[in-house]
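Colleague: So the chains spell out like this:
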Amino acid sequence: MNKKMIMAGLAARPVRTTVSILAVALEVTLILVVVGLTSGISYETGKRTEGVGADIMFQPPNSSLILAINNSTMPIALENKIKEVEGVKAVAPVQTLVNSSSGLEIIYGIDPQKFDAVTGGFIWHKGGYFKATDEIVVDDVYALAKKVTVGDQVEVLNHKFKVSGIIEHGKGARLFISQQTAQEMTGMVNRASMFYVKLNDPDQVNTVIGRMEKVFPTYGLRPLREYAKLMMSTSMPALDAFIETVVFVAVCIGVLVIFLSMYTTITERTREIGILRSLGGSKRFIIGLIFQESAVVCLIGIVLGVGSSFLLARLVQFIFPTLIVMITPDWILKASFFALVSGVIGSLYPSMKAAAQDPVEALAYE
Amino acid sequence: MKNLLETIDLRKTYKIGKIEVEALQGVNLRIREGELVAVMGPSGCGKSTLMHLLGAMARPTAGKVLIDGDDIAGMNDGQLTEVRRNKIGFVFQKFNLLPTLTAGDNIAVARHIHGRGGPAHDQHLEEILQMLMIQDKMGRRPSELSGGEQQRVAIARSVANRPAILLADEPTGSLDTKNSEIVLNMFRELNRRFRQTIILVTHNPELVIYTDRLIEMRDGVIVSDNDPFPEDTESELAQPARSV
Ligand SMILES: Nc1ncnc2c1ncn2[C@@H]1O[C@H](COP(=O)(O)OP(=O)(O)OP(=O)(O)O)[C@@H](O)[C@H]1O
Ligand SMILES: [Mg+2]
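From first to last, the protein sequence lines are chains F and X. Residue numbers for the first sequence follow this note's numbering, beginning at 373 and rising by one. Residue numbers for the second sequence follow this note's numbering, beginning at 60 and rising by one.
Don't read these hints as lab results, they were simulated from the structure. Accuracy of the hints is not assured; some may be wrong.
To be verified - In silico BS3-like links for lysine-lysine, alpha-carbon gap of 27 angstroms or less: (1) F/Lys375 with X/Lys196; (2) X/Lys146 with F/Lys376; (3) F/Lys532 with F/Lys486; (4) X/Lys153 with F/Lys375; (5) F/Lys376 with X/Lys61; (6) F/Lys655 with X/Lys74; (7) F/Lys725 with X/Lys74; (8) F/Lys503 with F/Lys518; (9) X/Lys196 with F/Lys655.
Claimed, not checked - Computed footprint of chain F on chain X, listed as stretches where at least three residues anywhere in the stretch have a Cβ under 8 angstroms from a Cβ of chain F: (10) 142-155; (11) 160-168; (12) 188-199.
All figures in this text were calculated on a predicted structure; none of them were measured in a lab. Heads up, the beta-carbon is just placed ideally off N, CA and C, and yes, glycines get one too.
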């Protein structure tokens with residue numbers, strides 16, 4: 373019977389019901405897509421960093437884990453000091469540049485010989501390394517997304533480059549230019565953002581890091597095995613704060629819309645509430661009806677929101693093929709939970725107000 | 060005979076800001092099981108206020124309202140609600156059907172709130188629907204019914220749970236003469252056939268012929284009452300032998 377009353381009530385106000393459902397769907401979609409995008413990017417970047425084939429990432433002091441896109445603050449000469457550490461086989465300095473104009477592109481400025489020494493070399497689909505300062509190496513995903521091939525021009529960070537080679541994706545970045553070009557573009561000469569370090573024995577990572585810490589006590593030294601997982605984990609304060617903010621904003625949207633919807637509903641239906649009270653309906657009965665009604669709105673909104681998140685993820689990937697949206701089951705659960713919570717919070721005051729109505733006055737309400 | 064309703068020096072004062080309106084100024088009355096009572100009086104004399112108190116919709120300012128022996132004066136909201144749910148049926152001037160539900164569902168809601176399990180219809184309800192001539196209107200919404208039909212649905216809803224007391228505040232106030240007659244005949248029928256105790260407020264002196272007893276009010280007090288059992292003056296309260 374409750375179900376019938378709730379459905380009849382919702383159907384009697386189709387526009388408001390639809391808007392409320394859409395707001396909850398928006399809440400869920402916002403959470404899922406933004407979280408999916410952040411974790412997708414960090415996971416994917418992590419995977420690529422892992423895929424470099426190095427054993428240790430050597431970063432400047434206080435560097436963040438995310439993306440390793442710091443300014444090029446270390447003197448490139450550190451390379452030789454790192455090499456001196458026992459167990460180190462090869463060191464590749466990298467200068468990173470970031471292009472955020474379409475999606476998020478990381479460009480590595482590298483010395484091909486040193487980079488190959490650490491990574492074991494690229495798998496070349498076409499062409500080869502840059503031979504001039506206006507040449508660039510791109511990965512196959514980028515080439516496919518931008519529909520370019522060797523000899524074509526691409527514009528990166530307001531520079532026109534000629535594609536000199538296309539490589540298999542998965543080695544640190546999608547775009548590679550020469551160290552010299554990177555230095556010219558950033559104006560930072562003889563500096564590096566990070567060093568990839570290859571060891572003689574990969575199993576000695578922790579021992580070697582221990583040795584390095586003695587020489588470079590303040591620097592960021594991270595083993596690269598399981599790096600992607602680390603990027604995904606909750607041990608990333610900056611990303612967590614970002615996601616928390618998004619969730620908070622999304623929940624606020626849900627709370628406000630549900631509140632407004634339920635508030636106007638109970639005001640509009642004051643008389644009906646009076647009727648139910650005159651029939652012997654208790655306060656709890658009234659509160660229950662309002663909560664159940666908002667729960668129905670939330671549930672439909674959740675289903676719609678999850679569905680549209682997947683659609684939007686597809687769309688994002690279609691427009692920006694280099695981006696990945698990771699919609700995980702645990703975040704679907706979390707987003708649904710947040711949507712329900714906002715339904716509860718949003719209906720709290722309206723339901724209390726409805727229950728507190730004096731039955732006689734409610735019946736007299738026009 | 061059992062006193063179903065009794066008021067003792069019942070007073071109700073409304074406060075509008077600093078102004079106090081004494082809607083009821085000491086009402087004493089007793090209504091027994093199976094009575095059909097009309098309450099009349101000029102507008103503003105306190106008829107609706109009295110009905111709200113008799114129906115446990117509000118608490119008195121002073122005095123007592125005994126509903127089936129229980130004084131509602133000291134009851135909290137939950138207890139008042141329970142009295143309404145278990146003992147009272149209301150019929151209003153404005154029908155007060157739930158607009159989004161069909162006639163049948165309006166009745167079902169009342170039964171649902173009452174907590175009656177079992178089938179949606181039982182023999183008693185079937186009989187009442189037949190008597191009210193609305194069995195074939197159950198699938199319609201209030202907006203698809205005439206005023207007279209709506210009021211008959213409201214009556215069916217009010218007695219669906221077999222309340223001890225049926226209170227009707229100007230039930231014919233929104234109806235034309237013909238429908239008023241039909242509705243009043245229904246009340247009399249309910250009273251005769253099921254011994255339903257009914258108190259109804261009316262403005263129309265002509266309608267009083269449908270009732271057994273007439274209570275006239277003026278300015279918050281009863282000015283005349285042709286109580287058919289005046290000798291039965293002992294109050295419920297003065298009968299300690301009877302367990303309340
Ligand atoms: N909620 C209220 N607040 C303040 N005053 C009220 C309220 N309800 C009723 N009154 C006043 O109490 C008095 C009795 O009102 P009541 O509604 O009981 O009269 P009534 O006999 O039912 O009148 P009518 O025949 O017009 O329905 C009136 O003076 C009215 O103005
Ligand atoms: Mg009145």
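Colleague: Confirm or reject each hint.
Modeller: Hint by hint, here is what the structure shows:
Proximity of F/Lys375 to X/Lys196 is assessed by CA-CA distance (about 22 angstroms); at most 27 angstroms being required, the pair is judged to hold. Simply put, X/Lys146 and F/Lys376 have alpha-carbon atoms about 26 angstroms apart, close enough for the 27 angstroms limit, and the pair holds. About 25 angstroms separates the Cα atoms of F/Lys532 and F/Lys486, which keeps this hinted pair within 27 angstroms; it holds. Pair hint X/Lys153 plus F/Lys375 holds up; C-alpha atoms about 26 angstroms apart against a cutoff of 27 angstroms.
Annotation: proposed proximity of F/Lys376 to X/Lys61 is violated, straight-line Cα distance about 40 angstroms (limit 27 angstroms). Taking the CA atoms of F/Lys655 and X/Lys74, the gap is about 25 angstroms. The hint holds against a cut of 27 angstroms. For the hint pairing F/Lys725 with X/Lys74, the CA-to-CA distance comes to about 22 angstroms; that is within 27 angstroms, so the pair holds. At most 27 angstroms may separate the alpha-carbon atoms for a hinted pair to count; F/Lys503 and F/Lys518 meet this at roughly 22 angstroms.
Between the alpha carbons of X/Lys196 and F/Lys655 the distance comes to roughly 31 angstroms, so the proposed pair goes past 27 angstroms and is violated. Counting residues of the segment 142-155 of chain X whose C-beta lies closer than 8 angstroms to any C-beta of chain F gives 7; at least three are required, and the coverage claim holds. Check on the segment 160-168 of chain X: 4 of its residues sit with their Cβ under 8 angstroms from a Cβ of chain F, so the three-residue criterion for coverage holds. Counting residues of the segment 188-199 of chain X whose beta carbon lies closer than 8 angstroms to any beta carbon of chain F gives 0, which falls short of the minimum of three for the stated coverage.
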